Amino acid sequence: MISWLAKRVIQAVAVVLAMTVIVFIGVNVIGDPVAVLLPPDATHDERLRVIASFGLDRPLWEQYLSFLSGAIRGDLGRSFVFSEPALSVILQRMPATLELAIAAMLLAVLVGVPLGLYAGVRPNSAGAKALMAGSILGFSLPTFWVGLVMIMLFSVQLGWLPAGGRGQTAEFLGVQWSFLTLDGLRHLALPALNLALFKISLVMRLVRAETREVVPQDYVRTARAKGLSEGAVIRTHVLKNTLIPVVTIVGLEFGSVIAFSVVTETIFSWPGMGKLIIDSIHLLDRPMIVAYLMAIVVLFVLINLIVDLLYTVLDPRVRLEN
Amino acid sequence: MSAIASAPAARTPLQRALRAFAGSPLAMFGLVVLACIIALAVLAPWIAPQNPYDLMQLDIMDGQLPPGSQAATGMTYWLGTDEQGRDMLSAILYGLRISLLVGFSSAIAAAAIGTTLGLIAAYAGGRTDTTIMRLVDLQLSFPAILVALMILAFLGKGVGNVILALVIVEWAAYARTARASALVQRRKEYIEAALSYGSSSLRVLFRHLLPNCLPPLMVIVTVQVARAIALEATLSFLGLGVPVTEPSLGLLISNGYQHMLSGKFWISFYPGIALLVTVVAINLIGDRLRDVLNPRNAD
Chain A
-15 MISWLAKRVI QAVAVVLAMT VIVFIGVNVI GDPVAVLLPP DATHDERLRV IASFGLDRPL
45 WEQYLSFLSG AIRGDLGRSF VFSEPALSVI LQRMPATLEL AIAAMLLAVL VGVPLGLYAG
105 VRPNSAGAKA LMAGSILGFS LPTFWVGLVM IMLFSVQLGW LPAGGRGQTA EFLGVQWSFL
165 TLDGLRHLAL PALNLALFKI SLVMRLVRAE TREVVPQDYV RTARAKGLSE GAVIRTHVLK
225 NTLIPVVTIV GLEFGSVIAF SVVTETIFSW PGMGKLIIDS IHLLDRPMIV AYLMAIVVLF
285 VLINLIVDLL YTVLDPRVRL EN
Chain B
10 MSAIASAPAA RTPLQRALRA FAGSPLAMFG LVVLACIIAL AVLAPWIAPQ NPYDLMQLDI
70 MDGQLPPGSQ AATGMTYWLG TDEQGRDMLS AILYGLRISL LVGFSSAIAA AAIGTTLGLI
130 AAYAGGRTDT TIMRLVDLQL SFPAILVALM ILAFLGKGVG NVILALVIVE WAAYARTARA
190 SALVQRRKEY IEAALSYGSS SLRVLFRHLL PNCLPPLMVI VTVQVARAIA LEATLSFLGL
250 GVPVTEPSLG LLISNGYQHM LSGKFWISFY PGIALLVTVV AINLIGDRLR DVLNPRNAD
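So the protein lines, in turn, are chains A and B. Mapping of the first sequence onto this note's numbering: residues -15 to 306, in sequence order. Mapping of the second sequence onto this note's numbering: residues 10 to 308, in sequence order.
Keep in mind that the hints were calculated from the coordinates and are not lab data. Please read these numbers as outputs of a predicted model, since none were measured by experiment. Think of the CB as a built atom: it goes at the ideal place given N, C-alpha and C, for glycine as much as any other residue. Incorrect hints may have been included.
Listed below are several chain A residues computed to face chain B (Cβ distance under 8 Å; list not exhaustive) [unchecked claim]:
no., residue
1, Ala26
2, Trp129
3, Leu236
4, Gly239
5, Ile262
Cβ-Cβ distance ranges computed for the label pairs, FRET-style [as the list claims (entries may be wrong)]:
no., chain 1, residue 1, chain 2, residue 2, range
6, A, Leu94, B, Gly248, 31 to 37 Å
7, B, Gly248, A, Glu46, 34 to 40 Å
8, B, Asp146, A, Ala216, 29 to 35 Å
9, A, Ile228, B, Ala189, 22 to 28 Å
Here chain B stands alone, though its shape is the one from the complex (with noise of 0.2 Å):
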């Protein structure tokens, strides 16, 4: 974080950061396919071949045709469809915007509350610290499923429901970082000089200690927003997760379980596909973030 120029080429640490990571080919393609899996889903009404929930779109007569048929109306269903004629591609493109909805908001409402919370605990210490830490512990000696699954029993379905469930589940992975690094931040002579010249606790908290712990929080986002979405899935197609009206990647798999035993197996192997790659390349980001920003490896 020196200001001094010591190599020749001066550069600021993000952009350091950044050509580290352009660095590794796996991490790039996994970037390009979220890009590009991003785009596919915020455009979806644009691109999809037809809306899959406009009732007057459909035709029940052209229900469970395998990949590649071809419809009364000469559309041609590329992956299928499902039991009420819906084209599956289609179904997969706007399943996938709630589907990265669900993920990214609760990723980001998360990681807004875990670190708010880790930073006070490590700036107050004492009895707020430990009430702090008593409750993460708490949280993370219980698999995430299992308190969503218990959460969502109480409240019901609904995607704010979800999302809500997810945020209880992902925020004390954040606050434990947050408070872990701001410890080590908050000795250093920068917090000192801040509180020296008068600042108040609001502006040492959120303008010299936040961005100086925001590294390994990055890495947590990304990996998080991956758990997230994965678990959004699985809670979905258990039949807690999102409501049939809003039906994301987990739901459509869960609507074709019943039709695999016979064979029909495109209802559910697609929206899995859809789903394993979202997960795959988000994965693969993170795994490279967490080379990148790590301060052992900085030069």
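Isolated chain A, as found in the complex (with noise of 0.2 Å):
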């Protein structure tokens, strides 16, 4: 256990480290490295100071030692916008981010398994049926694209819900969260809707899967013969078997939850991570991308890293060695 969680913390540190050198090329050999350090709209003079006070006439290996120095020690540069270490701006929208892809699986998890059971216990019903097509629908449907519609329909049309910020935080922990006030909730609710979605459709139809195979074995076939009632069978017999892929895949899914909260941050003006990055690339503000792109690489390592071991703890068959 001890050597393979050694070998996989190694490969860990190796993806973070290839990615110091991509983002560094893609800093430095593929845009503007001056760029980088200045705000656009800065002099002649001062584009020549910046060369010279950053060693950007330096051979590029000695560029990326000192860059990769300055990344051990959380140091990613300032942002122009907000004129404060760049990591630290991130670090503050990070939880607002989390929050939000926490309740989209949470939603996923309550709404997905009880439909997948339904239809993978009724299979032939027309309301598994239904589900099944409704399924593919939410596959399809690009993300931005239903967030503009739910806006449309619950805020603008309904005006049930409010169609964009955090509203009203408490504190916890010392951090600000949303999901602690009743206004906040509100604000969360279309947001986590819309990111859930797809995650929804996808818990449905691996539950589905799951039940149909669990569905026929002996052991469920024993419990309806001692005389269990039906809504028992699927409880302890049916429902607990097929949770263990729907752990995995939360955790597996969790980054690209993340990931795509970008998306919806943007259309539900949501302060997070994801909103902060686009702005950040519309504004040029290239510190901030640069700290952007290795929080989130770190981040990534790390959920792949718990999921990994969250699995091998869940399922003994996987075998460390390999």
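Grab the two chains, each in its own frame, and use the hints to assemble them into the complex.
In structure tokens:
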């Protein structure tokens, strides 16, 4: 276990290092490195001073090493727009994104599992067929367009829910959260549902497929034979066995939910990391872009590592040696 | 693949697959819809009521008219107009051109690159295989939208840049599939036979391995075209995709976004419907292809 973990951590560090090289090449070779350090309206003199003071005339590998040593110390440059260290701006926005992503994942499980269970237990019912057809739609509908239609319907036409922002927040563990106030929850509802829609379809199809495999098993027949009610059979024997792959998929898809929050946050003006990166790209706030990319790489590598760990804990059949 | 006619009506595998495909009304419906959409996009300059990017033909006084309004010239704006008085129906037909161009060209380029690398990995094995597959793993451990976002943040907007970003995002799926099926095919006797009578590696790769790896790759191509179209639309919506001069469906939706809150829904809504219909049609075809081309379902 320890050696497996060590190997996995080394792999994770290697991925992060590889990404620093890619981001460095992206900024310094493909992009204009001077523009990264200067606001777009800098004069020619400022430009020359920056080139000299940041050693942009030095060989590339030397520049990379100094970028890397800065990155290790958490120094990824200062944002032009916020005049603050870029990394701290990102860390301030991170809770909003995590809150949205967790809410979406919760919705996906709370809605997807019961629907999938129903479609799996009664595969030939009209309801199950409608759900399966609906899930194809759920896969095909572009997230951003669904978000627009939701705003149009629930905010503009019906006026039920607000169209954007985080609403009133309350402090918990030193961070502001929306889900603790009623107003915050109302603001969270639409973006979370928007982000969850694709995952609801995914979880539903997965649970349906699992259920159909579990229902004909001997132990389910035994449970029925000993006279358990249908509800008890489904709750204790069918549901529990369908949940293992759901846990895996929730872990694996969490990263993709964070990635897609870029879209949802932009539509619903949710002040998280995703909206921040889009704004930064439009404002050419390049230190911010570099910092975001490095932060997201570390976040993803961490998520992948945790999922791998959870997977081995939940399913002992996975051999750690490999 | 046996040459011996076992059934009374001897058919090639292709004919069998086509027949099985036609057996699903839903898939045939998808195919017909997609054919219509492609025809509309190709013929846009001749069938669109106006050229939406010829400023001479636009009347700013006709801006933001609801669907069904009449223009001063007598033309009817069936799907309304945008803020510059552009007929939305024409804009959608022209937008489809860009969306389909980006979707198909990126999927085909990614298929060519990914398949070649996958075949090489399977055929060469050893260190080449490990290097290529490590790259695939690295690529697939990050969501497509993030990678595309990153590339476009470096390169800037542009149709060419979007296609490049999509190719970089998509090649890994082809490489993985091509390698998997090439590994199976490689052990078969016809490859051994081809090698034993002295065929070059190149010939074995492309003349013998590739054709036998095509069925699963066809499924991936279909799925990836739909994904590419949706991803391009998303990127353009975020303002990172195509430039204003070449608006795709995604950019049209983005332009209408600001008018949504004032109830002028049509500027965003109808381009979205066009996008949705395109993606659903391709996915219906892909779903059926997956069933038909699955070797487990072969008779």
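Here is what the structure says about each hint:
1. Using the Cβ-Cβ criterion of 8 Å, the hint placing A:Ala26 at the interface with chain B is not satisfied: the shortest such distance is roughly 19 Å.
2. Satisfaction of the interface hint for A:Trp129 is found here, the shortest Cβ-Cβ separation to chain B being roughly 4 Å, below the 8 Å cut-off.
3. Hint status for A:Leu236: violated, given a least beta-carbon distance of 10 Å to chain B, over 8 Å.
4. About 6 Å separates the beta-carbon of A:Gly239 from the nearest beta-carbon of chain B, less than 8 Å, and the hint is met.
5. Look at A:Ile262: its Cβ gets to within about 6 Å of chain B, closer than 8 Å, so that hint holds up.
6. Distance hint check for A:Leu94 and B:Gly248: the Cβ-Cβ separation is about 34 Å, which falls inside the suggested range of 31 to 37 Å.
7. A beta carbon spacing of about 36 Å between B:Gly248 and A:Glu46 agrees with the range 34 to 40 Å that was offered as a hint.
8. At about 43 Å, the beta-carbon gap between B:Asp146 and A:Ala216 misses the expected band of 29 to 35 Å.
9. Checked against the hint of 22 to 28 Å, the pair A:Ile228 and B:Ala189 passes, with Cβ atoms roughly 25 Å apart.
Consistency with the previously given hints fails for numbers 1, 3, 8, ordered from lowest to highest.
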